[in-house]
Amino acid sequence: MIQDAWRKIKGASPVGEETRGVRPENLVWMFGTARTGSSWLSAIMGEIGGYSRWHEPLVGHLFGNLYYVRAGHRSEDEHFILGARYRELWLETVRRFVLDSAAARFPEVAGGRYLIIKEPQGSMGAPLLMEALPESRMILLVRDPRDVVASNLDAHKKGTWTADLMKKGGREKPPSLAERRPDDFVKGQARRYVRDVGNAKLAYDAHKGFKVLVRYEDLRADTLGTMKRIYSALQMPVDESELARSVEKNSWENIPEEEKGEGKFHRKAKPGGWREDLTPEQAEIVEGVAGPLLRELYPVRSTA
Amino acid sequence: MTPRFKRAWRRAVTRGKSLRSLAQRPSRAGEPCGVRPENIVWIFGTGRSGSTWLGSMMESLDGCAMWNEPLIGNLFGNFHYFRVGGRKSGRQYILGEPYKETWLGPMRDLVLGGAAARFPELIGGGYLVIKEPNGSIGSPLLMEALPESRMIFLIRDPRDVVASSMDARSEGSWLSERSEAQRHTSKPGRNPNAYARTRANSYVQQIEKTRQAYRAHGGHKVLVRYEDLRADTLGTMKRIYSALQMPVDESELARSVEKNSWENIPEEEKGEGKKRRKAKPGGWREDLTSRQIEIVEDITAPLLSEFYPMATTRDSL
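So the sequence lines, in the order shown, correspond to chains A and B.
Sequence positions in the first sequence follow the numbering used here and run 4 to 307.
Sequence positions in the second sequence follow the numbering used here and run 25 to 341.
If you're looking for bench data, these hints aren't it; they were derived computationally from the structure.
Just to be clear, a hint being listed does not mean it is correct.
Calculated lysine-lysine pairs in the DSSO-like style (CA-CA distance at most 27 Å, straight line) [as the list claims (entries may be wrong)]:
#1 B:124 x A:171
#2 A:170 x B:124
#3 B:294 x B:283
#4 B:245 x B:262
#5 A:190 x A:267
Reference excerpt, derived from the structure (chain A facing chain B, CB under 7 Å, subset only) [unchecked claim]:
#6 58
#7 59
#8 61
#9 62
#10 65
#11 69
#12 82
#13 89
#14 92
#15 96
#16 100
#17 103
#18 104
#19 110
#20 113
Every residue gets a Cβ at the ideal spot worked out from N, C-alpha and C, and that includes glycine.
Please model the entire structure based on the sequences and the hints provided.
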C-alpha cells in the first residue's frame, strides 16, 4: 500500500517503464567475496558478444553495511530510513538506483544485452539487492575460505598490488595488520568471509529466479565445462565457440609470467594452496570461524 | 497538536486508506503532491549537541513533525566519503561523480518518499524537521539532492560533546547497552583517552561535512550554537525561525520553549548516565581530565578557534 501511494504521489511510471529500457531480468549478479576468482569469471563472460560487465559498483555494500552492520539494531524503528515497516518503499529506491545507474553507464544493455554485475565486495547486501530485483539472475561464486584468507594475507603485505591500487587513488597504504599481527588479520578475514558469503548464500537460497552456485575449484579444474553449466543454469544464450575462445584468452596459462606470483593480483590460482601459505594455527582459526560454511559448501574437503 | 497525538494520528492514517486518498489529491501546477522539499528543515551537526531538545521545541508547534534520525546521511555519507577511497571519479562506482544525476534523483526520492509515508499529515502542508546529527557526514549530498530545503547547523563546544558522549557510553549509562550490541571496542571505560580521541575525530568529520554543506547551501539556513540556545532559548529560537523564513506564533513558541525547558524535566530523569545529563556549557572542566582536554583541543583546534574564538582553552586555565 505504501509503495502504491508513493508512486501516485510522485507520479512515477509503473515498474518496467522507469528503467530506460534496462530489463531487470538481464542483470546477472555475481556475489561471493573478494579473492574468489570473480575478476576472472566476469572477464570471461564480459568478453562474449551480447554481454557487458559492471565492475564492482559497491551498491550492495552501500545498503548492506548500514542495514546489517552499522544500524542493525534499528531495523524495527519506524524512523530508520531502512526500517522494516517501509521495506517495500526503500527497496523500490534500491531498484531505481541500480536500474538508472545501469542505464546511464551501459546504454547498450537497453538493446537487450546482458549485464554481468561483478559485486563480490557488495555481497553483504545481496539479500536486499535480490529482493529489490527478483527478476535478475544470480551467480554465487565460492572458494575454500582458507585459500581466500591466504590470498588476502598475501595481498595486504607491504609493497603488493593493493598498495599500488591505493597509490593510484592518491593514498598511501597504512601498515597492515597482515604484517603486524597476521593471526588477527586471518581471524578478521575469516569473519569477513562469513559475513559476505553467508549473506550471499542467504540471498541465493531465497532467490526464485535463475541462479547457479559455482565453486572456484570446479572453474579451475574444468573451466569450459563449468562455464557451459553456468549459461545453461541461468538460461542465457551463448555461442559455444566464442565461449571457448574467451576461456582460452583469459586462462591462467595466458597471463604473462611477470604478472603472476606473490604480491601480485594474479598470485597462484592453486586450489588447496593454503597448506603452503597458512600456518596450522591460522588454518585452524579459519576453520573455527568459517566452519559451518566450509562444511556446507565443501562437505568432502579435508581440514587442517 | 501534541507530539503524542500527532504520532497516534499518523499511525491511524497510514493504517487506513487515508494515505492513498491524500496521495490522490490534485497537485498544484502539475507538481507531484507530497511533503514539499522546501518544507523540510534539516538539523545537522553532531550527536550530543542538543538536537533532540531543539527538534522537540520545533515539533511541539502546530503544523510541524519531527523525523528522528533516519540516518539517510549516514547511509550515503559514510560510504561515499570514507569507504570508497579513490573510486569516486570512476565509471563503475554506484555514486560516481560522472553519474551524479542518476543517483541524486533516487536519493531525493528516498527522502521525500520516506517522509510522505511516515508523515502523511504533512502532505497538504506543514514543516518536517529532520533531526539528523548522526547523519551529518552525508549532509553535503543531501543538501545537493534537496536544495530547496532548509538547514540548521547546530554546533556545540567539542569538549562538552566528548564529555557527554563519554558519559553516555559508560558502563550502565543509557547508551552502553547499544554499544555492547554494536561491539564497540572503544568504550570509554576501557580506555578513556582512546575514546576521547575517537570521538573528537568523529566530531571533526561530522562538523567539517556540515560546514561544507552549510557553505554550499543557497537556500535558507542558520548556524546555532548550543551555548546560545541555553543562554537565551526563546531569543535564539526566534532567530532560527526568522533566518529560515518560517512563520511562527510567538506565544506558541514561548510555550514550547517553556515546556521543553531543562527546568521542566523531572529531576529523576536528569543526571549522570542519563540522556539528559547536565546541559551545562563548559561542564567539560569538571568532566574531562587534563590529558583528555589536551587530546580534544589538539584534534579539534581549527574548529574550536573558528566557532568558539573566545573560548577558554587548557592553556588559559
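Structure-based check of all given hints:
no.: 1; hint: B:124 x A:171; in the structure: 22 Å, holds
no.: 2; hint: A:170 x B:124; in the structure: 25 Å, holds
no.: 3; hint: B:294 x B:283; in the structure: 16 Å, holds
no.: 4; hint: B:245 x B:262; in the structure: 14 Å, holds
no.: 5; hint: A:190 x A:267; in the structure: 22 Å, holds
no.: 6; hint: 58; in the structure: 5 Å, holds
no.: 7; hint: 59; in the structure: 6 Å, holds
no.: 8; hint: 61; in the structure: 6 Å, holds
no.: 9; hint: 62; in the structure: 4 Å, holds
no.: 10; hint: 65; in the structure: 5 Å, holds
no.: 11; hint: 69; in the structure: 5 Å, holds
no.: 12; hint: 82; in the structure: 5 Å, holds
no.: 13; hint: 89; in the structure: 6 Å, holds
no.: 14; hint: 92; in the structure: 6 Å, holds
no.: 15; hint: 96; in the structure: 5 Å, holds
no.: 16; hint: 100; in the structure: 5 Å, holds
no.: 17; hint: 103; in the structure: 5 Å, holds
no.: 18; hint: 104; in the structure: 5 Å, holds
no.: 19; hint: 110; in the structure: 12 Å, violated
no.: 20; hint: 113; in the structure: 14 Å, violated
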